[in-house]
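**Student:** Listed here are the chains, written in short residue letters.
Protein chains: 2
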Amino acid sequence: MQNFNFYRPTDFYFGKDQENHVGEICQKHHISKVLLHFGGGSVVKSGLLDRVKDSLLKAGVSFELLGGVKPNPRDDLVYEGIKICREHKLELVLAVGGGSVLDSAKAIAMGTPYDGDFWDFFMGGKVPKTALPVGCIVTIAAAGSEGSNSCVINKVVDGVVKKKGSNFQTSVPLFSILNPELTYSVPPFQTACGAADIMCHVLERYFTNTKDVLVTDELCEGVLRTMVTMFPRVMKNPHDYETRAAIMWAGTLAHNNILGVDREQDWASHRLEMELSAYYDVAHGAGLTVLMPAWMEFVMPHNVMRFARFAVNVFGCEMDYEHPEKTAKAGISALRKLWGDAGLPLNFEELGAKASDIPLLVKNHGDNPEGHFVLLNKEDIEKIFTIAANYQH
Amino acid sequence: MQNFNFYRPTDFYFGKDQENHVGEICQKHHISKVLLHFGGGSVVKSGLLDRVKDSLLKAGVSFELLGGVKPNPRDDLVYEGIKICREHKLELVLAVGGGSVLDSAKAIAMGTPYDGDFWDFFMGGKVPKTALPVGCIVTIAAAGSEGSNSCVINKVVDGVVKKKGSNFQTSVPLFSILNPELTYSVPPFQTACGAADIMCHVLERYFTNTKDVLVTDELCEGVLRTMVTMFPRVMKNPHDYETRAAIMWAGTLAHNNILGVDREQDWASHRLEMELSAYYDVAHGAGLTVLMPAWMEFVMPHNVMRFARFAVNVFGCEMDYEHPEKTAKAGISALRKLWGDAGLPLNFEELGAKASDIPLLVKNHGDNPEGHFVLLNKEDIEKIFTIAANYQH
Numbered sequence: 001m002q003n004f005n006f007y008r009p010t011d012f013y014f015g016k017d018q019e020n021h022v023g024e025i026c027q028k029h030h031i032s033k034v035l036l037h038f039g040g041g042s043v044v045k046s047g048l049l050d051r052v053k054d055s056l057l058k059a060g061v062s063f064e065l066l067g068g069v070k071p072n073p074r075d076d077l078v079y080e081g082i083k084i085c086r087e088h089k090l091e092l093v094l095a096v097g098g099g100s101v102l103d104s105a106k107a108i109a110m111g112t113p114y115d116g117d118f119w120d121f122f123m124g125g126k127v128p129k130t131a132l133p134v135g136c137i138v139t140i141a142a143a144g145s146e147g148s149n150s151c152v153i154n155k156v157v158d159g160v161v162k163k164k165g166s167n168f169q170t171s172v173p174l175f176s177i178l179n180p181e182l183t184y185s186v187p188p189f190q191t192a193c194g195a196a197d198i199m200c201h202v203l204e205r206y207f208t209n210t211k212d213v214l215v216t217d218e219l220c221e222g223v224l225r226t227m228v229t230m231f232p233r234v235m236k237n238p239h240d241y242e243t244r245a246a247i248m249w250a251g252t253l254a255h256n257n258i259l260g261v262d263r264e265q266d267w268a269s270h271r272l273e274m275e276l277s278a279y280y281d282v283a284h285g286a287g288l289t290v291l292m293p294a295w296m297e298f299v300m301p302h303n304v305m306r307f308a309r310f311a312v313n314v315f316g317c318e319m320d321y322e323h324p325e326k327t328a329k330a331g332i333s334a335l336r337k338l339w340g341d342a343g344l345p346l347n348f349e350e351l352g353a354k355a356s357d358i359p360l361l362v363k364n365h366g367d368n369p370e371g372h373f374v375l376l377n378k379e380d381i382e383k384i385f386t387i388a389a390n391y392q393h
Numbered sequence: 001m002q003n004f005n006f007y008r009p010t011d012f013y014f015g016k017d018q019e020n021h022v023g024e025i026c027q028k029h030h031i032s033k034v035l036l037h038f039g040g041g042s043v044v045k046s047g048l049l050d051r052v053k054d055s056l057l058k059a060g061v062s063f064e065l066l067g068g069v070k071p072n073p074r075d076d077l078v079y080e081g082i083k084i085c086r087e088h089k090l091e092l093v094l095a096v097g098g099g100s101v102l103d104s105a106k107a108i109a110m111g112t113p114y115d116g117d118f119w120d121f122f123m124g125g126k127v128p129k130t131a132l133p134v135g136c137i138v139t140i141a142a143a144g145s146e147g148s149n150s151c152v153i154n155k156v157v158d159g160v161v162k163k164k165g166s167n168f169q170t171s172v173p174l175f176s177i178l179n180p181e182l183t184y185s186v187p188p189f190q191t192a193c194g195a196a197d198i199m200c201h202v203l204e205r206y207f208t209n210t211k212d213v214l215v216t217d218e219l220c221e222g223v224l225r226t227m228v229t230m231f232p233r234v235m236k237n238p239h240d241y242e243t244r245a246a247i248m249w250a251g252t253l254a255h256n257n258i259l260g261v262d263r264e265q266d267w268a269s270h271r272l273e274m275e276l277s278a279y280y281d282v283a284h285g286a287g288l289t290v291l292m293p294a295w296m297e298f299v300m301p302h303n304v305m306r307f308a309r310f311a312v313n314v315f316g317c318e319m320d321y322e323h324p325e326k327t328a329k330a331g332i333s334a335l336r337k338l339w340g341d342a343g344l345p346l347n348f349e350e351l352g353a354k355a356s357d358i359p360l361l362v363k364n365h366g367d368n369p370e371g372h373f374v375l376l377n378k379e380d381i382e383k384i385f386t387i388a389a390n391y392q393h
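Just so you know, the protein sequences line up as chains A and B, in that order.
Counted from 1, the first sequence has number 370 at position 370 by this note's numbering; the numbering is strictly sequential.
Counted from 1, the second sequence has number 171 at position 171 by this note's numbering; the numbering is strictly sequential.
Only chain A is shown next, with the shape it has when bound in the complex (with noise of 0.2 Å):
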């Protein structure tokens, strides 16, 4: 087991009808004057950001709006709101929606108090000494960005996309209210790429190099098995509570880092998924279903066994003693089946992206080695790539 520092001061308000009290939250957190931020028409429509702000006033607390942001978040919209936050002396960054909604909060919080650009802090290096604090209501569950320090922007560079991630403690949100019924209305494919997104989460910690990390690999496992049993039902039933809460809550547990907290942690196939929805826009859990098998399968000989107690223990399969490899890749192939009959995306061609533009997606990647289950060189990233682009329903 590592060293580790866990800080995770964010105030959870999970359950029905929660989204209603956030003005009595940030009165209790001694905040008055609020950016309200959010994305596109469903949360005006649906009657939640209405809502919201009959909280906010009945609370005595005052907002600037700034709606607009897209899934894979870009630049421009943070610049807008650094100069709002400034201007009215704003003093929390209220993101109503998923994860790009959130993020983008994120970065604006980060760069309001910040005299330089706030991009520093996604290009690595910078860390931010001071950020405004952020609260969220969410309405997917996936990025899990409600409890953690991450947040992922998008800015265009030389004319291309660049997409960037950091991570830093004064992200992590002052309050998060999660209502699963706010989720109901997300459609199929969201709703199966925000449950593969948090799955992703957890494996990232899973596979680790670090020895003797019991109660937390049972605490994934326990998380992950969740999300097997929930990820068949919510298709099913995008309405029934119970699965949704369960989904919902596995989300934040999947990302707040109390899942990686005693570990080396993994985060190649995060990296390398970057590469694919910065260049063709596509859905994050859905580059990650494509992805994360293929390193799965690339990475599976450097610990056989661990990959075949993820199969286990995991998906209940059964243990090959005499070939645990067999096992390993019946983990995978489960867990392929789990997405694909979400009707996720298993391959290059499903996702809509081509075999033939991997130099120029390696390429863009950059020099940078990826990984630490297994470190992994330019030409290990293109084979996960080709892996990925072969691989049949």
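Note that these hints are calculated values from the structure, not bench results.
Owing to the predicted nature of the structure, the values given are computational and were not obtained by experimental measurement.
There may be inaccurate statements among the hints.
No copy labels: a pair is met if it fits in one copy or bridges any two.
Taking lysine-lysine pairs in the DSS-like style, the calculated list, with each CA pair at most 27 Å apart, reads [said to hold, decoys possible]:
#1 Lys211 - Lys236
#2 Lys16 - Lys211
#3 Lys363 - Lys58
#4 Lys329 - Lys354
#5 Lys58 - Lys129
#6 Lys28 - Lys126
#7 Lys211 - Lys326
#8 Lys28 - Lys89
Given chain A, put chain B in place with the hints provided.
**Tutor:** What follows is chain B alone, placed relative to chain A:
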């Protein structure tokens, strides 16, 4: 799943040598004057207290000293601590020791800014509006107080020792430092009591009437399985870092409520155990190993399948589909065997309690019914004490 609020803003530092950074950790949280609160001679003799002082002084953090906390901590030292904190305008109570020291620190912290008697917060009804923050360096894996809102204090009222608990958000520590090496020197019996207490914190949450709580059930079972694995290991190899580390982190997880957010919890066994440890001054964990199996046996008919699941998923018992109550009983037996093998008491005699005292214990407990899984009246409580008294090893 129930609606919930989960807010545990504790800054955890876990691992080797972390206690040597306590000064910097105080600085990080803008603390410059603390009450250094501890128990008996072991933190002095081991040199731990000196290292803590050194770290504080190096970081420019001044301190007052208050030692002498005993197991089942008493109110007299709490009053003394409150006086010192007020006199010197101290900003944080830093507990160095086990759960008793931390609970004493929490009581001092809530009493310091309060005009009335701190005991008001333990008699029910009164909620502290504010409290000093507490920090801790934990030397035994047991109470989980380092991540919880719990605080238990003893006071002599009309010649009888009253043991009372409180659960307030203001009692959640600001920071907690956990170095598994500091627990190497905990004697075997106290080690076993602590490990049992950890398991009981999970069990109080696991046995619930709330439906659809799969994800948290998975986490509970994962932590319990870890404890089943680690319990005999720590008794055999008390200096094995990884074993001590797994138990220590499991102890925090067991009681910071991540394993109970979504459900009605029980807590009858803890409440009834308080009568044992108040009357006989026995270790809390030892009282629990006598009482909790008796509670389990008494309430088992209420939900046989829940107990069968516990037996199968935690102890690997074989499911008897024709007679699930046999499986349920096998789980309770397995738990008692685990504890008995570690040298823990399994009945009144081994604990040093007397069956003839049961009427007095029931009377001391008062007229309040207890528990939620099954609501226990006075007669039920008497029956549970009687089962515990009559158990064979």
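**Student:** State for each hint whether it applies.
**Tutor:** Results for each hint:
no., hint, verdict
1, Lys211 - Lys236, "between (39 Å within a copy, 20 Å between copies)"
2, Lys16 - Lys211, "between (40 Å within a copy, 16 Å between copies)"
3, Lys363 - Lys58, "neither (53 Å within a copy, 49 Å between copies)"
4, Lys329 - Lys354, "within (25 Å within a copy, 59 Å between copies)"
5, Lys58 - Lys129, "between (33 Å within a copy, 23 Å between copies)"
6, Lys28 - Lys126, "between (32 Å within a copy, 19 Å between copies)"
7, Lys211 - Lys326, "within (23 Å within a copy, 37 Å between copies)"
8, Lys28 - Lys89, "both (19 Å within a copy, 26 Å between copies)"
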